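Engineer: Letter by letter, the chains look like this.
Protein chains: 2
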Amino acid sequence: MNKIDNNAAVLRTAEIITIGDELLNGQVVDTNSAWIAQHLGALHISVVHITSISDKPKAIQEALRQAEERADVIIMTGGLGPTRDDITKAAVAAYFGTTLIRNETVLAHVEGIFRRTGRKHMPAMNIGQADVLANATVLFNDVGTAPGMAVERNDKYFAFLPGVPFEMKFLMENRVLPMLHGMHKNDVFVYNTYLLTVGIGESHLAQQIADIEDTLPPFITLAYLPRIGMVRLRFTSEGTDMAYLTSVTNSFKQQVVERLKEYIVSVDNVSFEEVLVQAFTTAGITLSTAESCTGGAISAQITAVPGASQMFHGAAVVYSNQAKMDILGVSLDTLTQYGAVSECTVKEMAEGAKRVFGTDYAIATSGIAGPSGGTETKPVGTVCIAVAGKSETKAQTFHFKNDRTINIERTVMAGLTILWDMLK
Amino acid sequence: MNKIDNNAAVLRTAEIITIGDELLNGQVVDTNSAWIAQHLGALHISVVHITSISDKPKAIQEALRQAEERADVIIMTGGLGPTRDDITKAAVAAYFGTTLIRNETVLAHVEGIFRRTGRKHMPAMNIGQADVLANATVLFNDVGTAPGMAVERNDKYFAFLPGVPFEMKFLMENRVLPMLHGMHKNDVFVYNTYLLTVGIGESHLAQQIADIEDTLPPFITLAYLPRIGMVRLRFTSEGTDMAYLTSVTNSFKQQVVERLKEYIVSVDNVSFEEVLVQAFTTAGITLSTAESCTGGAISAQITAVPGASQMFHGAAVVYSNQAKMDILGVSLDTLTQYGAVSECTVKEMAEGAKRVFGTDYAIATSGIAGPSGGTETKPVGTVCIAVAGKSETKAQTFHFKNDRTINIERTVMAGLTILWDMLK
Chain A
1 MNKIDNNAAV LRTAEIITIG DELLNGQVVD TNSAWIAQHL GALHISVVHI TSISDKPKAI
61 QEALRQAEER ADVIIMTGGL GPTRDDITKA AVAAYFGTTL IRNETVLAHV EGIFRRTGRK
121 HMPAMNIGQA DVLANATVLF NDVGTAPGMA VERNDKYFAF LPGVPFEMKF LMENRVLPML
181 HGMHKNDVFV YNTYLLTVGI GESHLAQQIA DIEDTLPPFI TLAYLPRIGM VRLRFTSEGT
241 DMAYLTSVTN SFKQQVVERL KEYIVSVDNV SFEEVLVQAF TTAGITLSTA ESCTGGAISA
301 QITAVPGASQ MFHGAAVVYS NQAKMDILGV SLDTLTQYGA VSECTVKEMA EGAKRVFGTD
361 YAIATSGIAG PSGGTETKPV GTVCIAVAGK SETKAQTFHF KNDRTINIER TVMAGLTILW
421 DMLK
Chain B
1 MNKIDNNAAV LRTAEIITIG DELLNGQVVD TNSAWIAQHL GALHISVVHI TSISDKPKAI
61 QEALRQAEER ADVIIMTGGL GPTRDDITKA AVAAYFGTTL IRNETVLAHV EGIFRRTGRK
121 HMPAMNIGQA DVLANATVLF NDVGTAPGMA VERNDKYFAF LPGVPFEMKF LMENRVLPML
181 HGMHKNDVFV YNTYLLTVGI GESHLAQQIA DIEDTLPPFI TLAYLPRIGM VRLRFTSEGT
241 DMAYLTSVTN SFKQQVVERL KEYIVSVDNV SFEEVLVQAF TTAGITLSTA ESCTGGAISA
301 QITAVPGASQ MFHGAAVVYS NQAKMDILGV SLDTLTQYGA VSECTVKEMA EGAKRVFGTD
361 YAIATSGIAG PSGGTETKPV GTVCIAVAGK SETKAQTFHF KNDRTINIER TVMAGLTILW
421 DMLK
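Line by line, the protein sequences are chains A and B.
Be aware that the first sequence starts at 1, since it is given in the UniProt record's numbering, and climbs by one per residue.
Be aware that the second sequence starts at 1, since it is given in the UniProt record's numbering, and climbs by one per residue.
Just so you know, these hints were derived from the structure itself, not from any lab.
The structure presented is a predicted model; accordingly, all values stated were derived computationally and were not measured.
The beta-carbon is built from N, C-alpha and C at its ideal position, and this holds for glycine as well.
There's no promise every hint is true.
To be verified - Computed spacing ranges between beta-carbons, pair by pair: (1) D142(A) x K394(B): 34 to 44 Å; (2) E68(B) x P57(A): 16 to 26 Å; (3) K390(A) x R102(B): 31 to 41 Å; (4) A210(B) x R355(A): 55 to 65 Å; (5) E262(B) x G97(A): 33 to 43 Å; (6) E376(B) x G97(A): 49 to 59 Å; (7) N192(B) x A283(A): 52 to 62 Å; (8) Q38(A) x T221(B): 32 to 42 Å.
To be verified - Per the computed footprint, the stretches of chain A lying under chain B, defined by three or more beta-carbons under 8 Å from a beta-carbon of chain B, are: (9) 13 to 25; (10) 304 to 313.
Construct the complete structure from the given sequences, taking the supplied hints into account.
Structural biologist: Given below as structure tokens:
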């Protein structure tokens, strides 16, 4: 086992290599890499490259060679299961010019797992799980049968971990991150801080703060992370003096906050729904929804936030006119005169939801999400939204385009944005 | 614009390159790659490598160089937003030894988008979005401002797409996949056919059809595409005689259908919700939901299907006990005696929804989605589901685990599965 050299080079960059055909054919979304990147980021190690490859010796060795050129820390996950570990571990051993040796402690552990699960016979293929790289520090895996391995060579750190998410996380948290933390004391710091904006497009936003962005010092970068109806901004700074970094970065962030005031929803790294749930809970006020074209999507997004039951009373999804009348008390006159997709109807829906659910606010939606159902005066994409507040009800008509899914998403965001504007 | 060469080499392998610091620092999970891989897989193009890199010219060019060595099709996503596209597009242009030219059709489209959203002035930086690689076929983006681009060179196909998932999907479905499909025509034929199963796990399913799978000829492959509560099977076959391919593949598919009868939901490539909407519409019957822990997620998923308004009348999301009583007529006695999370309560909720919305069927859910709210007798993950049908109401209790999002997803699938079983 290599000992950590106190004068070791600073570990600044990392590369993640994930192995598995299930990643390459799209059966499984690679969530491991984002998790690893976040946790390395907390140690100020920046991931510069993420690669998914197949379980072939040549691909594994080529990926390791390229990663070793690019990064100081290389984390490889997957390919260590009982059916496939021979090939992966042998390929890695060849890469390092070393051999595999049987580790008796690991073998006893693997046998123990089979005994505990009540299976008498451990399949022969599992014996191979106790074979480890001769040059590695074994990372004991308390939660599975495949051990991890760590190798240090030429001031580079390699970790080989199973791909099963909870085993990978266990080994990262209990073995790899503590090792990296110990190796890292004299490093540079990286500071990230966020802003969430709604109601302004990415390019308008960039234009409004262009002069501030121009004055950013080279050690601060600003990233725009857009989604439908919102843009998240991320300031990243890097240097040796954490107090200085934080203070300079926050002063630029503050300039942006002042410039964009009306569009700023949060100065933390949270979702819009979380901001709303928090704001309602703190103010002790409550919300309900009356949804036609969004079909419950606003309600579903709000209630996906833990603790939403504190401020959310319920939703009425009223697809039929009958339900609009029966449940929310929309008048037949309004429906006949103005139609289901009208500002008058959504106003009555919002006020009905407020009354029926006994809430302080209510959002109502009605529209033609598509792909069919459009008319000449109300084409697909026509959406009316109302928000009933404490003293007034606001309604607005939108003209989106053709895609049903996107129209629903846009309507959800527009409804939440109107609500947010009324709350302010 | 390059024309497709009728004698072009067969496109067999692909590499996906995703650009973005938000992927490398773990803020965003790369879901695009899995989606692209699945859709290329359906054209029998295997992804051999997935890479995430930062928005730096050197990284972009190096990734393209390596991908071009390894794969026939290279899909690059991200880095095309208005604030950043100069650097990415310029880097790609340099890689191809070409220049950027202003495309007037794209410019008119981008200006049109700004006009339609009611903003008078398009920011100057958006003009750059109309600059495209001089050697590229422009992939018009109906749903956003960043155009995609396709380049063919030395029998390799490159596509450059925005990273925003719905824009990427639009361009893949409407531009890239049809082009790739067309390039395949004079080659070999690829035939894909699907089965959708619910209520059986992947490994049990594989075990049940192992003997059939063993007899598949080498030109037919079977892929298992599992999601929560369902497994999609894809048969892919490749050869020069389409009639023969279709007939042989369908005969194997038929064997699997007969073996798995009770679990088969569809023999087409459709979603479970689409199957249900179709089945209800065809039978002329109607559905409503009464949702507590799912918060409208069942309703939102059903109504995301075009035409759902034919069979779906509405939903009552009743988070509070008061709303359960007021809107659905659940009795105070039941709530007091058995609690909100009980089979008695969900039965009354389902029957209430059936009555209030005047439907033939209704699904009701109530549970402790987490992370808090659990008790000793009803820990987090306890969920009760009822389905009221024409003549009876069935209720069932489930014990899921700790994650709120997954518990909600599992509940949605379990509710739809019980409904499906009652319909059969």
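Engineer: Going through the earlier hints one by one, which of them does the structure break, listed in rising order?
Structural biologist: Failing hints, ascending: 3, 5.
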